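There are 2 protein chains.
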Amino acid sequence: MASLTAGNRRPVRLADIAKAAGVSHGTASNVFSRPEIVRDEVRERVKAAAEAMGYGGPDPKGRLLRAGKVNAIGVATAEPLSYFFDDPFARVMMASISQACDATGAGISLVSAANNEQLAWNIQSALVDGFIVFCIEGGSRLVELARERKLPFVALDLDSQDGAVAAIGVDNVAGASLAARHLTGLGHRRFAVLALSFADGSTGLVSPEQVRTATYAGTRDRLTGYFQELSRVGVDTSRVPVYETANDAASTKAGLETIFAAKEPPTAILAMSDKIALVTLEWLSARKLNVPNDVSVVGFDGVPEAIVSEPPLTTIAQPIAEMGRLAVKAILESDGKVSRQLLPVELIVRASSAAPRG
Amino acid sequence: MASLTAGNRRPVRLADIAKAAGVSHGTASNVFSRPEIVRDEVRERVKAAAEAMGYGGPDPKGRLLRAGKVNAIGVATAEPLSYFFDDPFARVMMASISQACDATGAGISLVSAANNEQLAWNIQSALVDGFIVFCIEGGSRLVELARERKLPFVALDLDSQDGAVAAIGVDNVAGASLAARHLTGLGHRRFAVLALSFADGSTGLVSPEQVRTATYAGTRDRLTGYFQELSRVGVDTSRVPVYETANDAASTKAGLETIFAAKEPPTAILAMSDKIALVTLEWLSARKLNVPNDVSVVGFDGVPEAIVSEPPLTTIAQPIAEMGRLAVKAILESDGKVSRQLLPVELIVRASSAAPRG
DNA sequence: CACTTTCGTTGGATCGATTCAAATTTTGCT
DNA sequence: AGCAAAATTTGAATCGATCCAACGAAAGTG
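Chains as they are written, first to last, in our numbering: chain A, 229 to 586; chain B, 229 to 586.
What the hints contain is simulated information worked out from the structure, not anything from laboratory work. A quick note: this is a predicted structure, and the numbers were derived from the prediction, not measured. Do not take every clue at face value.
Since the list can't tell identical chains apart, any single copy or any two copies may satisfy a pair.
Simulated crosslink set (BS3-like; lysine-lysine; CA at most 25 angstroms straight-line) [stated by the list, open to error]:
#1 K297 to K565
#2 K275 to K247
#3 K275 to K557
#4 K378 to K516
#5 K378 to K565
#6 K275 to K378
#7 K247 to K565
#8 K481 to K491
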């Protein structure tokens, strides 16, 4: 009996059991999709035939073509698939997206790929009703690919300044400015910035000229916000070290080494993500530098890990749950209109920031 | 131009652009799937027509039916979708599953649902080549549904004792026994068990009779392992409190309240998951009970969070990454054979366990 | 120039279902 | 029984592509 699956390789089709049961395929179809309209006797006969022939129910592949709707939304990123489960920000976002999907009964397809070649193919052949695009890095290419499918789609993080792209994001300038103002208000004047990517792949210290040419709008906006506030209180921003990280532990630590090798190390670190900030806390602790007494650290994102870190992290909280909900809504209720939503952020003061010593 | 998407509601088909370009649909298809075999001039003409008519490339819905393979695997659970992103064990497992998928170019579809009704439908209509089933709770129903699809599938956690079900899991009895032996070896004799679900939904103290009738094999096996070892050193297992949790903070804390209300509270806690163990550490710390001096705690799973907890958690590590890899392999290289794999576990001793006081 | 290759193109068959107007059978009522 | 209304069933059309055998045209060969 094990050979049922192994041996005969021709899968059973609805038409097969229709013939076996002596009914038309129309009726056979009804037995599965609207059982109440077929006569009891016939229904049982068809079901028995299905059972006997090892029929696994109507194949969704066929139904799909007819129905048109997949009832699933795709979430795409240029990072490896495991990004969805590893990155704290992505996780919170995904949790809220999945809640919204659960509520409406929609499924989720994760779309990603090891290389660019694959990515294009995966996006082109994804069985989804729309895309939510995580624009972390390489966002523009991803957005381009998603657009070509001509399906509803929404970019998370207004990384693309292209007004023709539907997007949901936060006010990065205002948020960054808020973070900086919190620190300047505490009396800090010596800063360093641990930045997200300015352009594909590179890491390291960024010159003021490079800053202006940043490819990624999110990174550029946050930096603008920081500098706006620092300038306001008279800090010479051209002397504030800005280190570009890949939002991972390795490049962040490299950045910290560089920054703290300076003669006058900063008393406050502006980190463009909580992930960077959390690595920073760890690094400082290993270096026996006390947070917040020796160095204050302010993150960006508002992930749950920031609550339980040692010390708990002051950060700019994004309304992640709200963003996820809105993104799903935008896909499912897409009306073809392109809308861009800018959500407000909030400063959450915790124990990682305090007035500088002295 | 925005009305392109909004206005005309009839989507463009391959046949439409074929006609527009004055070629057969066969040639039009070739332009997209094997561009190298069509003459340059014709290819450009067809592409131009596609561009002009706003064609988003061959619709995967159509291609799918012909091709037969979706090139995606479904991961199913009876928990809400957000379980995949919230639960530490699930996260690590998903990360390894997604790595394996990335390597082979397969996509991932998350399948779940708010209610049972939906779940059945979602499984029946999931567009996947096979299922990996997370058998945490309600596994049997899930497995049943997945089997009915007659697609390759693998159960994670040998929750079902049904030999006809392909499954990948760990040796729960051996693992639990290992955990208990570690504690008995340190000299502990007063224990309490914080268990996973025995049957759907219930929580609370479990009587020895109930223990034997546990629906979930994983829970039962771990308990068997614990008790095997405890009996060996002469502990009366019928007097060891076993509290059934829902693998969440609330029920775990309730269990701890109950357990520590006893006249002679335990000196060691056997937790059936790291999640439970981590909540326990937190609760004990809030109660000003020192771990490991007042109470030792041993978990089960080996999630990354157990490394950084305060104190770091002694636990039974499952080869989660290996399990994920094997599961994906089992689906993609399914040969119709039903295989059950039992992987070894490993005791990882950290700071949450020590000899009892005195 | 007739004859084989090679290259590109065509159009019908197929994938597996759902849908719906029309045909047929049942049922209800007098 | 006779007839209209209601309940079922049928079968062709459709969803959007890919595949492939057959065919026509251009290129190569003796």
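At most 25 angstroms between C-alpha atoms: does K275 with K378 qualify within a copy, between copies, both, or neither?
-> So K275 and K378 pass the 25 angstroms test across copies only (16 angstroms; inside, 40 angstroms).
Classify it for me, K481 with K491: is the Cα-Cα distance of at most 25 angstroms met within a copy, between copies, both or neither?
-> within (18 angstroms within a copy, 50 angstroms between copies)
If the cutoff is 25 angstroms on CA atoms, where do K275 and K557 land: within, between, both or neither? Let me know, please.
-> For K275 and K557, neither the intra-copy (38 angstroms) nor the inter-copy (33 angstroms) Cα distance is at most 25 angstroms.
When no copy is specified for K247 and K565, does a C-alpha distance of 25 angstroms or less occur within a copy, between copies, both, or neither?
-> Close neither inside one copy (47 angstroms) nor across copies (29 angstroms); limit 25 angstroms.
Up to 25 angstroms between alpha-carbons, please classify K378 paired with K516: within, between, both or neither.
-> neither (54 angstroms within a copy, 59 angstroms between copies)
Given a CA cutoff of 25 angstroms, do K378 and K565 count as a within-copy pair, a between-copy pair, both, or neither?
-> Only inside one copy: K378 and K565 sit 13 angstroms apart there, 41 angstroms across copies, limit 25 angstroms.
Homomeric proximity label, K275 with K247: Cα distance no greater than 25 angstroms = So K275 and K247 pass the 25 angstroms test inside one copy only (12 angstroms; across, 43 angstroms).
At 25 angstroms max between alpha carbons, let me know whether K297 reaches K565 within a copy, between copies, both or neither.
-> within (19 angstroms within a copy, 34 angstroms between copies)
Comparing the model with each earlier hint shows violations of hints 3, 4 and 7; every other hint is respected.
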